[in-house]
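2 protein chains.
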Amino acid sequence: MSSSIPRIDQQIFVVPSFTLECGTELKDAPVAYKTWGRLNEARDNVMVICHALTGSADVEDWWGPLMGSNKAFDPSRFFIFCANVLGSPYGSASPITTNPATGRPYGPEFPPTSIRDDVRIHQHVLIQHLGVRRVAVVIGGSMGGMATLEWPLLSPPGFVRRIIVLATSARHSAWCIAWGESQRQSIYSDPAYKEGYYEPSEQPRNGLSAARMCALLTYRSRDSFERRFGRKVHLPATPPTTKRSEAREGLITPPASPPLEVEALELHNDGLDRDGREPAPTPRPIFSAQSYLRYQGDKFIARFDANCYIHITRKMDTHDLARGRVASEGTTTDELLAKTLAMLPPHALVISIQSDGLFTPPEQALIASHIPGSELVVVASGEGHDGFLVEFEEINHSVLGFLQRELKDLYEGPLVAEDGEADFAVKKESVFGEAEVDLTRW
Amino acid sequence: MSSSIPRIDQQIFVVPSFTLECGTELKDAPVAYKTWGRLNEARDNVMVICHALTGSADVEDWWGPLMGSNKAFDPSRFFIFCANVLGSPYGSASPITTNPATGRPYGPEFPPTSIRDDVRIHQHVLIQHLGVRRVAVVIGGSMGGMATLEWPLLSPPGFVRRIIVLATSARHSAWCIAWGESQRQSIYSDPAYKEGYYEPSEQPRNGLSAARMCALLTYRSRDSFERRFGRKVHLPATPPTTKRSEAREGLITPPASPPLEVEALELHNDGLDRDGREPAPTPRPIFSAQSYLRYQGDKFIARFDANCYIHITRKMDTHDLARGRVASEGTTTDELLAKTLAMLPPHALVISIQSDGLFTPPEQALIASHIPGSELVVVASGEGHDGFLVEFEEINHSVLGFLQRELKDLYEGPLVAEDGEADFAVKKESVFGEAEVDLTRW
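As you go down the protein sequences, you meet chains U and W in turn. The numbering used here numbers the first residue of the first sequence as 52 and each following residue consecutively. The numbering used here numbers the first residue of the second sequence as 52 and each following residue consecutively.
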């Protein structure tokens, strides 16, 4: 494993054999997961949370403010389960885990996986290993929303009672496919990529960082960027010391070329200098928007792996809820999709972020329009796609209200776990032996 | 010069000495330009057109449908002038032209230039070389719009009568600065970049191509992409032959890994196969949206240079109409900008593309709101930023109507050039000797 990827305090269940949608069999495939709260006697107070592209099983890390007593994710009421997707660097089988056939990390040889593979292997853990009988609700945003939509379709009718999806789509759009392609190309351009056969400590940092910068912009909105950065300049506290940062400014300048010119122009941007011709020598500023992006790029390469990034973006490309499910002659693809959505459990909660330019509100409106009795909530947020990870208050309010209304029974009995006890309950008593739900035909 | 950059049939005027805003003096700086039509006796029937980031002086190449008798750009009425910006690979002084001090191309040592430098050196050619006395109208979109806004502020009051700007801003936004940074990072990641010191024939093609893919997406809209591509797959007529295209798919697979799996998943996307486990071996399809992006990336590297791309995106970062102009204590940057816009010639035409996510309609609304008597036209187009290069009919209609209304005098007299004659008139009689407009104090 890439040494720099943070370790998470989580459980690992090893699935001895798992056949992927592509036909390849994974052997001894680890599935990393975390749980909160305790299963009730009926083994049905289960909340499944599905993470997004760069997330992990550690819900508290990325949706922490939603978790707690009397909040949307309440371990005193629910047995909460979140598992890491295949291909992610956070513990499940992926390019950075060991291929039992070779004894080396899979690297670029890790076979392609789909959203459906993730759901099926996570269901295996939840049912075969943890003994769950029924799932009260599945919740996820972005890629997690894709998995959420697949959950009921890959299990017997009634197994999943309710779903909640945020900022997602029923099929990955051309727009998202194209952004993924553009980001992968940045990684391919990095000489350290070596067609994926790099050493973990020598991954294509520059390419992955550039891909993240691009991705991050697609997660934000124009207006949120403007409010935060405008044309502010960033004056480094100390002169840049690394060759890399110099080179990236295009300012490693030979003697003939004056290294301070860009400074001058940029100081003018700040309105500090009235005359454009005679700048005073000062430390070189860059725009705050630039320095923020670089910071985010650097942060990302310390916690993610390039092969994993390529893998998961390609996984999302395969997402199409109707794929292979309801084919019938003369039906349009739109009709197929509508029919598939209509097969989902009724009374879904669908949440949009108004300024989301990546998974746009009409995509969620489409989902809601075909699931009978659905509720569509548009969060009036300017934060773009990332709104689903940021607008905690409104999301907590909508999700909690929905759960209390739709899953009344789970809010009526005694608590399944007390505060403080909840986090540890599962580790002691989560294994219930033989599964009672037969998933083999799904 | 990079051998692959297409030659344009254009004029070159060499400016013996030109001091840039950064303080560096360019010696023997070529300025490439094209003209259409003929100067009238008053030398004031002048239309200046300003090109965008990857454009050239050859207006017919990128705004061709707007050019012709009785169209917006009418060479039988106007003497039309378009010059190539500094730093562009299309003929003006740039990283790919020769530095007279060294006898070698400037490469990364080409000094930073600003939008104002472009306007000033183009004015020099127009006035000193072509003898123009007054400009009837300046027109430009995107980066060309930035230059258009600068034109009146860098010349005596009344020298520019009217301006028309499309899909542009009064100051480059944090959003645009960040996208430029993200694209430059892709180039920096390419080993062929060599801090800019590459041979013209060995430029960082992969990085530049990735940057273009990203940029192109910012020029489009989510919905236009969806309409055009959806989840369609692209089946290559022949199997891929180059290592590059294989590697980029992550599909150069060693024996242990099945190379056809992605095909299976993607064929399912097309709804062709009901069972996800046993795909038939077929040529590997990729999504049309991907193949389109790759095609555009390949096309771009054949016509552009990476150092030039870095240079011009940085040039745009310096754009702030208020920079250094109207500083006064206690004034906010918004107030400074408003004051500067109010100094522009009244009765401007400002055109927005409704779906433009890069230079957003509120940015043009801001421009129009501060220029007295301006007209704001929002083109109801779903094409995104590129709409200004695509929505010919509506743009032609708005621009022509505006010109006929605002520049009545130029439409009343006899034609300055007949059809067929217009294109050649200037080459014979465009030089009028000494300039009569003194720009030295602007």
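Hints in this document: simulated from the structure, not taken from any laboratory. Take these hints with a grain of salt, some might be off.
Where chains are identical, the list cannot tell them apart; a pair therefore holds if satisfied intra-copy or between any two copies.
To be verified - Once the Cα atoms are required to be at most 20 Å apart in a straight line, the calculated EDC-like pairs of lysine to aspartate or glutamate come out as:
id, residue 1, residue 2
1, K283, E250
2, K459, E92
3, K245, E380
4, K283, D385
5, K459, E277
Checklist entry - Between copies, within a copy, both or neither: which fits K283 and E250 at Cα up to 20 Å? => result neither (39 Å within a copy, 36 Å between copies)
Checklist entry - When no copy is specified for K459 and E92, does a C-alpha distance of 20 Å or less occur within a copy, between copies, both, or neither? => result within (17 Å within a copy, 86 Å between copies)
Checklist entry - How would you classify K245 and E380 at a CA-CA limit of 20 Å: within, between, both, or neither? => result neither (45 Å within a copy, 55 Å between copies)
Item to check | Alpha-carbon proximity context of K459 and E277, limit 20 Å | outcome: For K459 and E277, neither the intra-copy (43 Å) nor the inter-copy (40 Å) Cα distance is at most 20 Å.
Checklist entry - Can you tell me if K283 and D385 fall within 20 Å by alpha carbon in one copy, between copies, both or neither? => result Result: close only across copies, 13 Å inter versus 46 Å intra.
Going down the numbered hints, you'll see the structure goes against 1, 3 and 5, while the others check out.
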